[in-house]
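Chemist: Residue strings, one per chain:
4 protein chains.
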Amino acid sequence: MKFSIVNNVITFRSLFMSVTLVVWSGLALCQGEIVLKGATLIDGTGAPPLKNSIIVIDGDRFKRIGSTSKHINISKNARVIDVSGKYIVPGLMDANVHLFRDVSIEFIARYEDRLEELITEGAQIALKHGLTTVFDSWGPLQPLMNVRDRINRGEIPGSRVYVAGNIVGLSGPFGRDFNAVGSWIAPKTFVNRINAIFEENTGPQLSLLSPNELRGEIRKYVNRDIDFLKYAVNGHDCRGCSGFPELLNLSSVLLFTPEAQDVIVDETHKGNITVQTHTSSVVALQQAVNARVDMMQHCAMTGEIPIPDALINQMLETKIFCAVQPRTSKRMKAESENSNLFRRTPKMQNVWHENQIRLMKAGVPLLLATDAGVANPIKTEVEVDQKEFDVEHPEMLGEAHFIWFRAMSQKGMKPMQSIVSATRNIAAAYGKLQDLGTVEKNKLADLVILNKNPLDNIENMRSISMVIKNGEIVDREALPINPILTK
Amino acid sequence: MKFSIVNNVITFRSLFMSVTLVVWSGLALCQGEIVLKGATLIDGTGAPPLKNSIIVIDGDRFKRIGSTSKHINISKNARVIDVSGKYIVPGLMDANVHLFRDVSIEFIARYEDRLEELITEGAQIALKHGLTTVFDSWGPLQPLMNVRDRINRGEIPGSRVYVAGNIVGLSGPFGRDFNAVGSWIAPKTFVNRINAIFEENTGPQLSLLSPNELRGEIRKYVNRDIDFLKYAVNGHDCRGCSGFPELLNLSSVLLFTPEAQDVIVDETHKGNITVQTHTSSVVALQQAVNARVDMMQHCAMTGEIPIPDALINQMLETKIFCAVQPRTSKRMKAESENSNLFRRTPKMQNVWHENQIRLMKAGVPLLLATDAGVANPIKTEVEVDQKEFDVEHPEMLGEAHFIWFRAMSQKGMKPMQSIVSATRNIAAAYGKLQDLGTVEKNKLADLVILNKNPLDNIENMRSISMVIKNGEIVDREALPINPILTK
Amino acid sequence: MKFSIVNNVITFRSLFMSVTLVVWSGLALCQGEIVLKGATLIDGTGAPPLKNSIIVIDGDRFKRIGSTSKHINISKNARVIDVSGKYIVPGLMDANVHLFRDVSIEFIARYEDRLEELITEGAQIALKHGLTTVFDSWGPLQPLMNVRDRINRGEIPGSRVYVAGNIVGLSGPFGRDFNAVGSWIAPKTFVNRINAIFEENTGPQLSLLSPNELRGEIRKYVNRDIDFLKYAVNGHDCRGCSGFPELLNLSSVLLFTPEAQDVIVDETHKGNITVQTHTSSVVALQQAVNARVDMMQHCAMTGEIPIPDALINQMLETKIFCAVQPRTSKRMKAESENSNLFRRTPKMQNVWHENQIRLMKAGVPLLLATDAGVANPIKTEVEVDQKEFDVEHPEMLGEAHFIWFRAMSQKGMKPMQSIVSATRNIAAAYGKLQDLGTVEKNKLADLVILNKNPLDNIENMRSISMVIKNGEIVDREALPINPILTK
Amino acid sequence: MKFSIVNNVITFRSLFMSVTLVVWSGLALCQGEIVLKGATLIDGTGAPPLKNSIIVIDGDRFKRIGSTSKHINISKNARVIDVSGKYIVPGLMDANVHLFRDVSIEFIARYEDRLEELITEGAQIALKHGLTTVFDSWGPLQPLMNVRDRINRGEIPGSRVYVAGNIVGLSGPFGRDFNAVGSWIAPKTFVNRINAIFEENTGPQLSLLSPNELRGEIRKYVNRDIDFLKYAVNGHDCRGCSGFPELLNLSSVLLFTPEAQDVIVDETHKGNITVQTHTSSVVALQQAVNARVDMMQHCAMTGEIPIPDALINQMLETKIFCAVQPRTSKRMKAESENSNLFRRTPKMQNVWHENQIRLMKAGVPLLLATDAGVANPIKTEVEVDQKEFDVEHPEMLGEAHFIWFRAMSQKGMKPMQSIVSATRNIAAAYGKLQDLGTVEKNKLADLVILNKNPLDNIENMRSISMVIKNGEIVDREALPINPILTK
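Chains as they are written, first to last, in our numbering: chain H, 1 to 487; chain V, 1 to 487; chain L, 1 to 487; chain Y, 1 to 487.
Because the hints were derived from the structure by calculation, they are not lab data.
Be careful, since some hints might not be right.
If several chains are the same, the list does not tell them apart, and a pair holds so long as it fits within one copy or across any two.
With a straight-line Cα cutoff of 30 Å, these simulated BS3-like cross-link-like pairs (lysine-lysine) come out [unchecked claim]: (1) K220 / K188; (2) K86 / K76; (3) K411 / K37; (4) K330 / K414.
If we strip away everything but chain H, and leave its shape as in the complex, we get:
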């Protein structure tokens, strides 16, 4: 057996396996001030860029932000980093990721005992690519919270993760709303065990409860220490979830009465967290707006029916944040030409595209959101040689947010607006503006330093030079520390 310890990583090989353990020291917390000097700052508020900026980070927070032309106190022990000629944006955010995704029997069986490892890998890939904060809006609650807490305690590196757990009202992976065929084929004990991990008593049976009983269940779930709550207004379209010809598209059915939705929203707000929706039809979107939720996921996806103008106006009035998941032009073409594979008609593609443009023009506050997961989990579900999947794939974590920028740019979004959509708006939508979303005094010191100006071309968001999270410089090269899906 051989042992080696290099950079906090212990490796040893034995007869049976190779094991890599990471001792994450969090030593960075002990550092003094960091001063970033000379870059152009785009602070996420939408304000004009500040040239020759000075940013002083003390511990995990921004202490002072100013211009080199004015005097700024810098402590003697400060580590001054010259970032002249570079561009600084707030730490990026993704309003909708799934650090664990893929509902095939094969995938879940293989990784059932390693859920936290996969989630960790996801959080580290996100951080590596500039996402200092991600919002996981569907996944196995307890493992997600465990990784979240481990990252927050500094035990392991990773993007800051906020967790919703189940989509209230939907089944677990092997159930009505996802891989229903899996529930017929797989061993019942396995099916029930997995579904229980995901549903945590917030599955389809919630739709059957009286308002009072529902209130009790929502309260219990909010008290599970979730960071935000997501509920399904209408059903899921998971026709691609199994290897079977066609499963049911449940987009046209509703899961909750307006009264029930009021209960969900009210009880979630009592827990001082935000509430958001899954919708995939205009009818459902209208319900969500009526329910005064804080935010709506994939709000532009409304089947083949465009969002009515009146509803867009209502969205504006109620100031509900709207997460969009655009496709690039190239991707739209690929999906339209393979509608059998992607189960999206060209008409749908077009309606969604137009919805996104109309929402943007109307001024509805939009959020960068991708549904991204590690690697391309879909690849495990279908033939590998279906190369259409690789066309500017919008859901591969690490790459997805850059694709989002490209797609929205093609739809007419200005770079500054894109940056705000990926930072300030998300923090605002999730009620985190006090700590996150902009480079402002006293906020958590999350930022991304770019080599090229993103306002010239949003593609320059890819030119990452450095990522700082919680005032610490991220060792991007080391991430993910224990690659599983991406090794």
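Dock chains V, L and Y against chain H, hints included.
Modeler: Just chains V, L and Y now, kept in the frame of chain H:
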């Protein structure tokens, strides 16, 4: 080739087939008055029985009803029938039948071109067993209306049929709500053709429409000449619909918002017809009551959750009629012991049983309703040797209403109440009280003459001596004239 | 009700249906001699064409055949038809048709009670297009024999049909070798009833019998009055038989030991009928040759493995007839480009194509055989809009034999050889040379008169001017008399 | 992180997992002679028991065997163990195990990377229960050989394993012969990868090869270092392999021609290893006997057809060994009453039972064989609560051989015959008699010491006091060292 004409029936045999054609002469319409003299009349109003009654029928209506002790004018040409010692009840009704049912590929393919013949067979079996009026609440609209009209025109004998066509919001037989597996397996052209026949543009896509668009579609459908409209508040549980292990139980999902339901109810009422619901949960039942529908099918079937007392009270206040489909004790036992086959847990069985008793005791106006179809169509779906299906089967047309009487009697319903549930209540629920439901002056002359007193024992409803519909004596022996499923 | 009698056809319309009955008079049998004078005769023996021929038909047989240059006695009552400038070939034959085919639940349920009508339609379409004799090598035995006998008795027109019934060793339509998914989905009683009609005790269980028991079963089946026997050496590849993703390709498994095959061949020969095989691999083909069968269906279809030269030599030595089912160049391209749909790899296509050419060059006696059925039954199994199916479809009865001529011509077959393959060779393979296959004295008077010379271009086989079968002129316009699938 | 080393086992716990590593020292090899003194020896030859025996083991072999009444030299360093009052039998053998089994997607995905660990667990459970040698007749070849070699090198404890790998002619787990549904549902890359591990180019395509090509493939496979070769004469019945209603029973199809079988047998023998068959019909059994294989697995399983007397006689003459897998009376009852679950008709049960008795009475040399695998793998495939599975389960490794003894005893087998069937006969069948199967001089020192006399009651085989393998005392308590399925 041989021809023969016997009793209005032409038969001939050729090389290829034997054909039987019926020339239904409707000669009875030419008769003069019929006088039924001496029976005990239970008139369907709930009033005490009238002994030694005299009922004068002129044409298709009751002209005079009285007692032999009083003088009643009888025309000279009148045909006086002595029915002393017998018992007369109004023509029976079933508030929920499906003259065509069975959604297997095999059945529909076999009979696609003979839908009207099957429906006719059903209407004749119903009439033979005392049902002078039935309400078909799901089936292929145009064929049902064709048979309805042919019966109404006197071209063929049969129960008076009122037709709803599709359940608004549900798919056709090969779709989300019924035999979904059929839609994967069967040829697409066949699937689409059959679904179109059943859906008539009132399928699942209606759930996606705006209130205005929905209003337009409902108006169109009401104008199709339907007799009443049924819509689905929640989804269908059709797990037994195909030969497959498990399909989805969609009982927990909702199909329409309250606003959409208001539109459906309002627009249906504008057409001067009644509106009713499909529900299978307490949540859906509450929605139906809120929507102020006229009647609710299988209102006691609420999954594993009992109807709350408050909701029963609301049902009482709103005076919504409630169709129930009870099981006999023996049947409940058989279903509970074979819950895998019947897909009903013992808990469900018990909840429904208790619901029925509670509704009855509360005074909610109940209706006899059976879901019955010709023969046992389910038998074609499963192994023939599963003899559990034969235990007091509650859905075999011709037998089902007698089973209903037995089941409700076991739950404590008095015979008089049963008779009212099978006559007056149904007419009232469907807005037909002016013409149907009781033996009263000027109403259509539908009645059943029994050999034994049904108030002594509701089983005596089986002792049918004569059925009169529209003032004509039904030749029960001749029915069904062209048996297909029951030959 | 309206009756009309026109040309032996009685039509009447009633309330329920329109019925058309045909009284087939067979009056032609009463005619005297027919003399065809002046055409160029290609007699099917392979001999050079005879110009200015005279063919005298007496009753159902050729009486005299000669040249106009020589004196030929013609009776006074003879009906002399001047066919100068035309071309006469023997009545065409197809060595492999399926007058009933399509194993979908939908199709079989729809037509279960009309099997004979469909078969009749097929036999009439065949005759209309010049096929005076067809060999049905798989189908429902009793209905096929009934139609065969009715045609033979002159009760209805149609191609002369020889019948095999089941392929010994294979399951019925809803079983292992065809639509296995159908057997899971469809009602068991239906499945069993249909399978019994097709299997007639010669299904998969025969593979399990001892030689003695097998002998008994074969004897019984031969005594069922079949015209020839076909057995499966290896399993069936029916992956396209159901709407399901993939069924099993059983081409690699064997159904009988050599000893069992010897029993089948021996016992069939004892019944004085020929025996043929279903094979789809080289291994199976070798087995068939070893078993000294009389003929092999689709002998060139050997998966992705070419027939070894040694085996071709053995086929030559044993003089076993070999039915081939070629594809045209255009069709091969369409199938190769849609191998997912047609479940044939480009490699298979190529191997089969080369096999056909090699067999032809080697001099193995080839037979025209198509697997054809009425219309395009496959169309009911798949999306209608898959237009690939329409590319020179090789299995549409009425068209298939012309496509065969085209395909073989593209592979280098000379017109004279094609004509022999479609006439004399088939008669020889089935032991019918005494009566059929060539235009020779005393044989049954089957022939096709063409407007154009088929030796110039085999496409001219389409230029049919007249078809004579059993000495009677076929009223081609009237066929099929009662179109069902082709109306 | 905590480390601990106890008895050659290193354990440590880290953040992520608990790892247990075993350093198997094989120190026992260094011991001097072991002398077992005073027990009654039943040496496996069938000879009468030898009371007061002395067995001297030197290294891994028996050096001397005699009676305490005679003088036997014992070296001074010998470790003398007094086993007076006990009973010694040869190390037990199982002629048919599957150290890895279960073909569900879930199971294989979960353990794909841990195949060797599962196999190791199996080999250790076997050894713990007295099986010093097992023959694995289907499983993943390379992992099985790796474990085999590691045990042989003394690196880990475990039963001596002989390995066949794939059943020549059958598909891998996700293919025609096992979980075919799995191959439709699971990701194609996974399906192909797993099938490749199992098939190693000896799958269904072998049935399509010419004798020469087949010879080449068999040679290659024999050279893979397999210990014996098993081929399938007929197909597999794997209807219980997936969660699906019914898969195909391929028992009636054959995979190889007699000529191909001769090639397989001949080429395997050239590699100096034995060849055996998978059969499940009388036809296949006859083929196997004709092919002069060395041994036949589950030779009594012949569907619903009894083995003919003539074939039993032929088995006797050819001296082919016959492995049987009996059911106890209780188990037969449970299986018969749940034939839907076990997919065995009562008739089958009875035929197999009678076959086993007839073979035994005829004197065919029988072998103990169980198909056993670790724990109850079937349990993962079906509902856990189906308690029928627990009734004297014949395939649970560690227990299965004791159930075999009980079952055969119920069928009339004498204890001495049972012991020979579990030792000498197996060694003979596999050509290992020189080294294994009996307690005789110079053979490998494998034996089991029992507390009670197995000749009194075969149930006493369970009273294991000590197991010695290769001259070493097995630390039974420690096994399995790293339990996975049985923890």
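Chemist: Take the hints in turn and mark each one as holding or not.
Modeler: Hint check results:
1. Within a single copy, K220 and K188 get their C-alpha atoms as close as 27 Å, which meets the 30 Å cut-off; across copies the closest is 41 Å, which misses it.
2. In the homo-oligomer, the alpha carbons of K86 and K76 lie at most 30 Å apart inside one protomer (24 Å), although the nearest pairing across protomers, at 85 Å, exceeds that limit.
3. Taking the shortest Cα distances, K411 and K37 never come within 30 Å of each other, neither inside one copy (35 Å) nor across copies (80 Å).
4. Within a single copy, K330 and K414 get their C-alpha atoms as close as 19 Å, which meets the 30 Å cut-off; across copies the closest is 53 Å, which misses it.
When each numbered hint is compared with the structure, a violation occurs for hint 3 only.
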